[in-house]
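Q: Chains A and B are the protein sequences, given in the same order. One point on numbering: in the numbering used here, the residue at position 123 of the first sequence is 123, and numbering is uninterrupted. One point on numbering: in the numbering used here, the residue at position 22 of the second sequence is 22, and numbering is uninterrupted.
None of these hints come from the bench; they were simulated from the model. Among the hints, a few may not be true.
[Unchecked claim] Under the rule of at most 20 Å between Cα atoms (straight-line distance), these lysine to any residue pairs were calculated in the SDA-like manner:
(1) A:Lys113 to A:Glu82
(2) A:Lys134 to B:Asp2
(3) B:Lys26 to A:Ala132
(4) B:Lys45 to B:Arg4
(5) B:Lys46 to A:Pro148
[Unchecked claim] Covered stretches of chain B (in silico footprint by chain A; criterion: 3 or more residues with CB under 8 Å from a CB of chain A, positions within the stretch not fixed):
(6) 10-20
(7) 35-44
(8) 124-134
Built from N, CA and C at the ideal position, the CB exists for glycine as well.
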Amino acid sequence: MSQLINISNYEEFVMDYIDGTLDVIDRAHFEAFLLKHPEVALEVEEMMESDLNIVSIAEGLDANSLKISVTPVDGIDESNYEEAMALSVDSDLDPRLANSVQSFVDNNPKLAKDYKMYMAAKLSADHQLVYADKSRLKQPIPLFVFNPMVYRIAAAIAIILGITALLNSIQNEMYVPRDGLSNYASFDVENIGSPVSKSVSNGTIDLVENASVANRIVQNIERLPIKEPGSKWKAAPVLDREQPSLAIAQTSILPDGMDRPIPAEELNLAQFVGKKFLGLSPDKTGTTKSLLKESAKKVIDQSDQIALNTVKADNNKKTFSLMAGTLEFKRVTYRSN
Amino acid sequence: MDVRAYNKIVDEHADGLFRFAYSMCKDRDDAQDVVQDAFSKLWEKKDQVDPLKVKSYIFTTAHHKVIDMFRKNKRFQKMEDSTFHMTTHQKSHDLKEVLDEALNTLPEIQKSVILLRDYEGYNYEEIAEIAGLTLSQVKVYIFRGRQKLKSYIGQMDVVI
C-alpha cells in the first residue's frame, strides 16, 4: 500500500498503524507524516491510549454472561429466528410457522421484543385514501352494442316473421275446376309466387271451409268462361248459381266410374271478399321480388271487380287467374292426368 | 369483458390500486397516472385478460409502471432521502407515520412486494406473478423489507 501519506488520506492508515499491521515502508511514511503534523500525532496517541483502556476493561468481564442463550423450537434457532419472525407476520399464509414462532418466543422471552417489532412492522392501508374521480376511468355505456350475432338473430327473426306473415296471407284453399277433379292429377295454388302443390287422390277430397264469407253476394262477377261441351275441359253443370259455395263442396268419384255431375264445382268468388291477399299487378313483373317491393297487398272488398280469368290453357294444364280490379291476387293451375 | 363489467372493476379496484401507487410514488398525480395507465391497458386488452385475473393484471401493470418511473426519474430517490432526513429530525412517535417513513427508505422492489402483501393481501405466489419474481425472491425481499422496517421502528423509539 506504499504511497504518499497526507492530511487528506492519513485516516486510512491510522487503525493499521495502531494495530501494528502497516508494512515497514508505510509505517515509515506514516511516522514521517506524524512528525510534520503534531496535532495528528496527538490524536493518534490518544486513540492508542483509549484502545488500551477498552482492552483492559474487557479483560475484566465474563463475556459469556453477556450472551443470550437461545432455545431452539421447531427448527427455529438463533440462525433463522429473524427470518421466521418476519415471515410469521403473514400468519394467514402459514399458521404452522406462526405457531412455531410463538412457541419460540415463549421459550425465549428476551427475543419477544423483536417479535413484537416485526408484528408492528406490518403495514395497513389507509382507506381514507381513495381515487378521486372514478368516472374518468370508466367507459361510457353505449346505447347500442355492435354485435354481429345480434344482427344475425334479428335477421333470422325478421325472416321468420316475414315467412309467417306470408304464410298467413296465403289462403289454404283448394279450387275445384268447373269440369271436375277427375280430369286432373294435381293442381297448384299460387300466391305471390309461392306455389302450393297438392295431389288429388282417386277418392275424395275435402275442400277448405270458407263459411265466413260464403254467403256474401258479390255483384258484377265475371264468370269463368266455360269450355265447349265435349272438350277435354268439360264443364260440370252448375247446381246453384245464386249461392255457390266452395266451402261445402265435396266431390266424389264413384267406384263404378260413372260420369256423375260434381256438385258445387263452381268457384265462389265471394269467398275472397274481406280477405287480405298479396297479389301481382298485371302491369308489372309478376315476380316475388317485385311483388315484395311493391308491397302489393290488398284487401278485397265488394267494390272490386272480382274476376276469374283463364290465363293459360294447354293440353296438360289450365291456369285461372283471380282478379280484383287489375290486381291478380291468386293464380290456380290445374294439371291434367 | 363488456363495459359494465369493466366499470364494475373500476369501482372495486381503483381505490386499492391508487393506494398502492400512492404509497410507492408518494405523489398524487403520479399515482393517478399509474392508475389511469393500468385501467386503460386493461380496457385495451379486455378480450385477452382472464376475468379471474383482472385484479392481478392491473396491479402487475401498476407495479411495472411504478418501477419504470423509479428508474427513469431520479427524483423519487431524492424525495426518499429528503423524507428520511426530515423525519429523522422530527422524531415522529406515531407508529403509522413511522412505518410510512420507514417504507420510503426501502428499495422500490421491497416496498412494492410488502405493499402488495400488506395492503392487498396477495400471497407470495401472486406477488411473484405480479412482480415477475420467483417465490424465493419474494420471500427474501419481504424478509429484508420487514427487517428494515423493524430496525427503523426500533431507532425511532416508537411506543408499541
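Q: Give me the numbers of the hints this structure contradicts, sorted from smallest to largest.
A: 8
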